[in-house]
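Participant: Each chain, letter by letter, is given below.
There are 2 protein chains.
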Amino acid sequence: MNLIHLSLITLLLGKNVRDLSTNGNSTNILWHECPIQKHDRQKILQQKGCVIWITGLSGSGKSTIACALSRSLHSRGKLTYILDGDNIRHGLNRDLSFRAEDRSENIRRIGEVAKLLADAGVICITSLISPYQKDRDACRALLPKEDFIEVFLDVPLAVCEARDPKGLYKLARAGMIKGFTGIDDPYEPPCSCEIVLQQIKGSECMSPNNAAEKVISYLEKNGYLRA
Amino acid sequence: MNLIHLSLITLLLGKNVRDLSTNGNSTNILWHECPIQKHDRQKILQQKGCVIWITGLSGSGKSTIACALSRSLHSRGKLTYILDGDNIRHGLNRDLSFRAEDRSENIRRIGEVAKLLADAGVICITSLISPYQKDRDACRALLPKEDFIEVFLDVPLAVCEARDPKGLYKLARAGMIKGFTGIDDPYEPPCSCEIVLQQIKGSECMSPNNAAEKVISYLEKNGYLRA
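Taken in sequence, the protein lines are chains A and B. Every letter in the first sequence is one number past the one before it in our numbering, and letter 62, counting from 1, is 62. Every letter in the second sequence is one number past the one before it in our numbering, and letter 45, counting from 1, is 45.
Be aware that a few hints might be false.
Copies of the same chain are indistinguishable here, so a pair counts whether it falls within one copy or spans any two.
Cut-off 30 Å, straight-line C-alpha distance, at most; resulting in silico cross-link-like pairs (DSS-like, lysine-lysine) [as the list claims (entries may be wrong)]: (1) K166 x K38; (2) K145 x K78; (3) K134 x K38.
The set of hints was computed from the structure by calculation and includes no laboratory data.
This is chain A alone, in the form it adopts within the complex (with noise of 0.2 Å):
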């Protein structure tokens, strides 16, 4: 809405056009705000809502450690939900391809439902590659500043290539999937994060378990256990 049109419409109406606004394509919108806000919910749920972006390669056990940290805030009654990039992509983002631009899209995509969901009073999870710094800076930027708790799965690109879950290296590797992360695109790993999860120490390898029960005491030291 430019200036002038926005002097016609206030000529117009003489109201209620302060209050609505512009965002990126998006016009004449106005903010509805609620009664019942995140903290009362919170209330409800004895928890505090907020995002745990796992962030990692392929292969790095991103899905094993969301399930099992799901599991075990779940046995102490805590709500919880995962985001898995993999499953965001068979409903929300079942239009976007891997391309550079699509990608990042997925990522914000994502970001604003953990947001969304964050604010409903979940705990939730989310567990996709996000190999690009500032995607998961924009994420970030969403929440309030302590909402957003990165993971940062730090296994070596060998570990990972050699597990090779879904067989993807070796199609990579084989030239029939571009662009795959770690071979021919980067990962940027987090700069500075929350919690650093290195699932190989020497030869030990950590459980998920252990992984699950690391955030866990992240999230019961900062409060997120309680309302």
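Based on the hints, put chain B in the right spot on chain A.
Facilitator: Then chain B, alone, in the frame of chain A:
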């Protein structure tokens, strides 16, 4: 992924390939199943996740009733979350305009998010005009049959236009908003929906609380307010 491509991959890997699927533009995606499912979350919440889809003209009172419903359910200890068409255009759908195809995409995405919230166990209340039957039906089709509860706010255009809470009818009549539902774009009333709320009966006005109670009776009767 075409057949020849698939055969090559099968030769190369000899495994996993059947589990990879193509959805829309998304290829090589695997569905991850997690041990914590909807019914587990519902046990924690002592309710059933569902979508209450409120449809009606601009100014028919969708947001007001969504809020009254949320307040009343909250007072019974139930977890609700409102997806308001306008609010979502500030975030997830900020890239969408009001052109026909974008309005349709707006509704599709909100339907997908509502589905995720219902799967999380939340009673999700949507509040958007959603004027076309086919868009509403597409959202209904995303959910188990009984979990999509369509609520038609049946308020005559003349009443909505007289209220004109955002001044949008005035703008539409002045030709400053094109394709405005009820003015120069059709509203298709639901053919068959679960609940009809007639806000005006003769000269009497149904209060938002009465409207909310009517929806809550439906939820109670159909078992949504217990696990």
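Participant: Going through the numbered hints above, which ones does this structure break? Give me the numbers in ascending order.
Facilitator: none
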